[in-house]
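In the order they appear, the protein sequences are chains A and B.
The first sequence begins at 23 in this note's numbering and counts up by one.
The second sequence begins at 23 in this note's numbering and counts up by one.
Be a bit skeptical, because a hint or two may be false.
You can't tell identical chains apart in this list, so a pair holds if it fits in one copy or across any two.
Said to hold, decoys possible - Straight line, CA to CA, 30 Å or less: simulated DSS-like cross-link-like pairs of lysine-lysine:
| # | residue 1 | residue 2 |
| --- | --- | --- |
| 1 | 157 | 309 |
| 2 | 164 | 27 |
| 3 | 157 | 284 |
| 4 | 309 | 164 |
| 5 | 27 | 284 |
| 6 | 249 | 91 |
| 7 | 284 | 322 |
Hint data in this document are derived by calculation from the structure and do not stem from the laboratory.
Here's the letter readout for the chains.
Protein chains: 2
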Amino acid sequence: MTETKMNGAESLVHTLLANDVDVCFTNPGTSEMHFVAALDHIPGMRSVLVLQENVATGAADGYYRMAGKPASTLLHLGPGLANGLSNLHNAKKAGSGVVNIIGEHASTHIELDAPLTSDIEGIARPVSHWVRSSKSAQDVGKDAAEAIQAAMVAPGQIASLILPSDTAWNEDGEAQEAIEMPVPAPFDESQLEQAVAALGGEETLLLLGGQALTESNLEIAGKISAKTGCAILSEWANGRMERGVGRVYIDRVPYPIDLALKALAPYKRIVLIGARAPIGFFAYPGKPAILTREGAEITKLANAGADLTAALAALCSATGADDTPPAHVSEPTQAVRPTGPITLEAIADLVALSIPENGIVVDESLTSGRAFSPATKGAAPHSWINNCGGSIGYSMPTSIGAAVACPDRKVMCLTGDGSAMYTVQSLWTMARENLDITVVVFANRSYQILRGELTNVGVGNPGPRAIDMLSLDRPALDWVQMAQSMGVEAQRVADCETLDAALEDALANSGPNLIEIVL
Amino acid sequence: MTETKMNGAESLVHTLLANDVDVCFTNPGTSEMHFVAALDHIPGMRSVLVLQENVATGAADGYYRMAGKPASTLLHLGPGLANGLSNLHNAKKAGSGVVNIIGEHASTHIELDAPLTSDIEGIARPVSHWVRSSKSAQDVGKDAAEAIQAAMVAPGQIASLILPSDTAWNEDGEAQEAIEMPVPAPFDESQLEQAVAALGGEETLLLLGGQALTESNLEIAGKISAKTGCAILSEWANGRMERGVGRVYIDRVPYPIDLALKALAPYKRIVLIGARAPIGFFAYPGKPAILTREGAEITKLANAGADLTAALAALCSATGADDTPPAHVSEPTQAVRPTGPITLEAIADLVALSIPENGIVVDESLTSGRAFSPATKGAAPHSWINNCGGSIGYSMPTSIGAAVACPDRKVMCLTGDGSAMYTVQSLWTMARENLDITVVVFANRSYQILRGELTNVGVGNPGPRAIDMLSLDRPALDWVQMAQSMGVEAQRVADCETLDAALEDALANSGPNLIEIVL
Chain A
23 MTETKMNGAE SLVHTLLAND VDVCFTNPGT SEMHFVAALD HIPGMRSVLV LQENVATGAA
83 DGYYRMAGKP ASTLLHLGPG LANGLSNLHN AKKAGSGVVN IIGEHASTHI ELDAPLTSDI
143 EGIARPVSHW VRSSKSAQDV GKDAAEAIQA AMVAPGQIAS LILPSDTAWN EDGEAQEAIE
203 MPVPAPFDES QLEQAVAALG GEETLLLLGG QALTESNLEI AGKISAKTGC AILSEWANGR
263 MERGVGRVYI DRVPYPIDLA LKALAPYKRI VLIGARAPIG FFAYPGKPAI LTREGAEITK
323 LANAGADLTA ALAALCSATG ADDTPPAHVS EPTQAVRPTG PITLEAIADL VALSIPENGI
383 VVDESLTSGR AFSPATKGAA PHSWINNCGG SIGYSMPTSI GAAVACPDRK VMCLTGDGSA
443 MYTVQSLWTM ARENLDITVV VFANRSYQIL RGELTNVGVG NPGPRAIDML SLDRPALDWV
503 QMAQSMGVEA QRVADCETLD AALEDALANS GPNLIEIVL
Chain B
23 MTETKMNGAE SLVHTLLAND VDVCFTNPGT SEMHFVAALD HIPGMRSVLV LQENVATGAA
83 DGYYRMAGKP ASTLLHLGPG LANGLSNLHN AKKAGSGVVN IIGEHASTHI ELDAPLTSDI
143 EGIARPVSHW VRSSKSAQDV GKDAAEAIQA AMVAPGQIAS LILPSDTAWN EDGEAQEAIE
203 MPVPAPFDES QLEQAVAALG GEETLLLLGG QALTESNLEI AGKISAKTGC AILSEWANGR
263 MERGVGRVYI DRVPYPIDLA LKALAPYKRI VLIGARAPIG FFAYPGKPAI LTREGAEITK
323 LANAGADLTA ALAALCSATG ADDTPPAHVS EPTQAVRPTG PITLEAIADL VALSIPENGI
383 VVDESLTSGR AFSPATKGAA PHSWINNCGG SIGYSMPTSI GAAVACPDRK VMCLTGDGSA
443 MYTVQSLWTM ARENLDITVV VFANRSYQIL RGELTNVGVG NPGPRAIDML SLDRPALDWV
503 QMAQSMGVEA QRVADCETLD AALEDALANS GPNLIEIVL
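With the rest of the complex left out, here is chain A:
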């Protein structure tokens, strides 16, 4: 590809495509116009326009989780990157690979400190594993290839490539061919013996995360559990977990601090595969931050960047479980179709009954969804996605990325109203791309989770000003109008029958729609 004369922007697009990065979530500006032009005449890149950059970065996160390869983002200078920073934080914590392309002023222009000039590397660094500013058009192809390599380091990394506009418009670009991508590191074989010994004892937990939660790896974990009697759990937040009927069910370490302590108290020995030793989401006055029981023996067999399939296979063989049928295989859900007033339990049952075969559930339901995990274990087989970074507003963007990655699968986005407002612009992109996403908004008209947190941090009897800071009911948000204003069909439901019908209707049709559940 290097024989034809091309500018830096064209070399970028060719290099991305040669290395299988063929989706770009973007909101471009002046400094990115040459990339827009290059995308125009070089076929092969699916460009998805978003109306605020946190939608782009969250979409890239969801894309990686479902496609297993990075998408690119194309962002307008420091402020465009800044707008997408919090979902890059979430992506980083989820172990998702993302290739950010950030336009910058021409090299000669930066020192003039124009209005849009900022320290782009400084903004990128806190959320990036890899940051580089290209020095010339000639470097862009090579730099882009290395950015993709960096993004593919297991489990996935954030790579941010900053391209001064002269590196885009100058004519000595050199596209790179497909280059070799990194493979996961070996797991820590030196810990295998200790892990086997731990599993030979009582009160042992196998704690899983990341790629240990694929269908086949969970099956191996189920075998080990059946053979050794160990418990299995996952971390509270998982990038992606395969679940549903016929698959090995695994519960999550709970979010609420007291429940988490209780869930982990039984275990003297913990073997980690792709998970970290459990800690509190927040610190609370007078409560421990380390959630495991005092003196628990923790064996780190494999971190999230290691070959977790190999780790589980080795552990399975070493415990003699290869021929043991797995434990914890989910039976079909026994949920009875609920009727009458909507309760959180009824919603959980209706979600369980509604999840479509091979569906993708993006979960940002927070307090409304605490009952979802056990209730849905016998639902149709599906992928379940959590927020791993704790910054709200991840679910609609992530749903966009998942839907772009898997056009043949239906996406259910379960979100609180406060969270959904953070990246409400997502609805427009869902409509524009006609993505097969059903957004279910739990409209409790409050940051409900914070009412509990106020108590947890020791604030009793909050007064009206405090409660007001956690309330979204003045005025109430009208989610039906909101969705329709951006071209997404929507309805509001207030009892189980209409919710049931709305879910059935939404999932029977393709394209985006929204259901507001007034709680």
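Put chain B on the given structure of chain A with help from the hints.
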């Protein structure tokens, strides 16, 4: 105030109030719950809830521009700050003072790398002049007072104070009394002689920015212009400019590169008061970045942080203009009430006729508003606010801050549709606080400015994929439904008569409303 036992959060609130910081734009989370509790039982702080942090930071920007003192923001850890980063960038470029309070995990929790852990100082630094993490509850009061001092350094600075949650909940807080605030630096008297000499010559421009654009300072500039024959211009983007009938009118250096070069070409000598030497907003291939004519003599009498009133007064006396009546005083607008189809010229006339006495205009009209400046020079006296950082989505948040700062003044927010979508969550806060803001959305259903920029950077004949990345018409946004979904009254207009009536209606009533102009 130090005799009573209080926690760090309480010492913060007392210190802010003692130093006249009595507004807080916030979206708090768990790590900020003690501040929420403190705001609850300590009267005096107006807390304004927003649904996304870029609304909070943009509001703080607008508040400073109109109140001349900083508001605080209360943000949830690194991601909460990250969400507000781009409007902090704009505030920084505008010379607005902001006191950011950013919650952080308890000191002992940070090293555990919980989901929400991030490098908060790293995220804050690119947009902040001053960054500090408090070490203990005892330090919080002192640190907060210094943050306010830092924010008040002329023309205004971004101060970011990071408070680990244990510094909020520990009980040895010490509130600070009112402390001395910084005053503007002296202007550069050594340049006065050269400035006077320049003004004695031909083809001289007095270029103004920042606090040089108050009503009284503009009057002085008008006297100097009348006496010496110099031209006066302001920078393209101004934090705030006083305009309207009876005031000295000053044109802005245009945004489009060719127009800017043309506007500045006549001047051999330029005297800067609160302005920087003009440079291009972007670099364009084959065009200069320095906008002044080659060899122009530039005299820097006072930068934005200096005492601009003193600089202008000294220059006025030194040129013997003290008793000269000012030139360029605006006559009442002669605009004839337009009828029929909406054109950009008609909108400009209707805006000029509608600006209320003592109104505040927040301008993010971009391509739709290129005719506004001359058309509105004879409107009723008003303040005009520009975006100084170039990151779109500043106008609705800034309008919120302006309305909170000036409850007796009407705010007109003139915004493109693409810009408005960036911080569309603002509408809810306008409704919640019943702010007297009329939002006028110019719905051209495109990033129109970028179509021009595509040409400017040398991309001819853009194809359908490029055009598609700049288009917002698939689907069209319904701004009436959008506003109503967040509790703001709205109407759509498509001709001059209905626009005229809508503006009259909107401005006759208090409270927020939105007018969508379909272009």
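In rising order, the numbers of the hints this structure does not comply with: Hint check: 3, 5, 6 fail, others pass.
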